[in-house]
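Novice: The lines below spell out each chain.
There are 2 protein chains.
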Amino acid sequence: MSNPTAAMLVIGDEILSGRTRDANMHHLAGELTKAGITLSEVRVVSDDAPAIVAAVQALSAAYDTVFTSGGIGPTHDDITADCIAEAFGAHIDVRDDARALLAAFYEETGREFNAARMRMARIPDGATLIDNPVSVAPGFTLNNVHVMAGVPSVFQAMLATVLPTLTGGAPLLSQTLRINRGEGDIAGPLADLAARYPALSIGSYPFQDNGVYGANIVMRSSDGPLLDKAMCELAEIFPA
Amino acid sequence: MSNPTAAMLVIGDEILSGRTRDANMHHLAGELTKAGITLSEVRVVSDDAPAIVAAVQALSAAYDTVFTSGGIGPTHDDITADCIAEAFGAHIDVRDDARALLAAFYEETGREFNAARMRMARIPDGATLIDNPVSVAPGFTLNNVHVMAGVPSVFQAMLATVLPTLTGGAPLLSQTLRINRGEGDIAGPLADLAARYPALSIGSYPFQDNGVYGANIVMRSSDGPLLDKAMCELAEIFPA
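Just so you know, the protein sequences line up as chains V and A, in that order. Each residue of the first sequence is one higher than the last, beginning at 1 in full-length UniProt numbering. Each residue of the second sequence is one higher than the last, beginning at 1 in full-length UniProt numbering.
Quick caveat, the hints were computed from the structure, so don't treat them as lab data. Keep in mind the model is a prediction, meaning the values are calculated, not measured. Be a bit skeptical, because a hint or two may be false.
Because identical chains share one entry, a pair is satisfied inside a single copy or across any pair of copies.
[To be verified] Think about it this way: if two alpha-carbon atoms lie no more than 25 angstroms apart in a straight line, the pair counts; the simulated SDA-like pairs of lysine to any residue are:
#, residue 1, residue 2
1, K229, G126
2, K34, S46
3, K34, R21
4, K229, D64
5, K34, R19
6, K34, A23
7, K229, S2
Could you build the full structure based on these sequences and the hints that come with them?
Specialist: Below, the structure is given as structure tokens:
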């Protein structure tokens, strides 16, 4: 049986303008691979409601699970929660459970719980809150979409909460062989090997190192013995 | 008049598995911003022909220009050129101009120009070659899609060739004010300001620095005087 699939939607003008380099995609990719969930697609869109709504609908329909990152803070450009509600035709308003969390946090830290901060308690009906151990304002899960913060420390904490609730597949194992020959010299025998092992994902990632051409051949599968067998064959074809 | 729009399609299992952290998106985002072209969407898909074809068709129809990165090498997992041809119903085969470039390069460097390397001369009919000053194997432009390598040094070189051929808009200017107050305290007055300057893109990017909450407020526009005016107002509302 093949592993469950996932997609990610990164929301934020700051990524698309080049101001910020996204860190959450790489983190999510690594965590999902360990959990045996295949990250099949990532999209990055700007803080634009129609673009967010369309992407959420497309990804939610196409994959088992969707993770979003960004746009759930208190400022005017934080429109993710409302877009998720719109994408699923859900009602959204300030919800008592989220408001209570925030009220307690601001009382404790002596800051004003004003109208802007109240925006972070806007949660669609039917959603489950996702804990935010860093800065309290919660994420939420609606249907198969997990709505999480863009700040990397918060994104990572929320992911750590959500991941154990998901059904993963067999963890994807990976083996790499570094071959100090040009990719063009490797390609023919490698294609033959790939044809003999259709169940393996086999990738070739070229490099140049002090003028030496080479490639890292990466094989991925959740079938350890099959991976070992193919890797031994590869090492025989290209001895060190 | 609004600036031309662009999208990027990153092709590669290695990004989605978390093995490699993409570097081309951030580079492209910065270069396009300088050129006055708005990067509106990025998608990352795996080495899967139907996924690549569908994404190329969707992005090519929705935006003025599309850049792809990855999948144009000599190995079996390099399927981008064939997918681009399929997306536009173009015929694809080894093309004489690309073959001549590669033949000269391999003759000069004393390496075999074999069948695998010949794959890199497969170019769709009607496409224009994009120079590769790093490792010769060319990219190409078909319709509004620029097909470039995934290796960052090659991607950057190809982009430097392509960018001057595109019609940009007015360069997007950006100004940032760091405010050492919680985003929730800033949000109300900031939303009022944003409402008074609908032509500006105004984003708020929170941080925590040694326990101090703050936010960088970034304003973007190609209208310098307008940007200055709004930034002065913001600085008056939140004096240092």
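Novice: Taking the hints in turn, state whether each one holds.
Specialist: Cross-check of the supplied hints:
{"no.": "1", "hint": "K229 <-> G126", "verdict": "neither (48 angstroms within a copy, 44 angstroms between copies)"}
{"no.": "2", "hint": "K34 <-> S46", "verdict": "between (29 angstroms within a copy, 18 angstroms between copies)"}
{"no.": "3", "hint": "K34 <-> R21", "verdict": "both (23 angstroms within a copy, 16 angstroms between copies)"}
{"no.": "4", "hint": "K229 <-> D64", "verdict": "neither (31 angstroms within a copy, 47 angstroms between copies)"}
{"no.": "5", "hint": "K34 <-> R19", "verdict": "between (30 angstroms within a copy, 11 angstroms between copies)"}
{"no.": "6", "hint": "K34 <-> A23", "verdict": "both (18 angstroms within a copy, 22 angstroms between copies)"}
{"no.": "7", "hint": "K229 <-> S2", "verdict": "within (21 angstroms within a copy, 56 angstroms between copies)"}
Consistency note: the structure conflicts with the earlier hints numbered 1 and 4.
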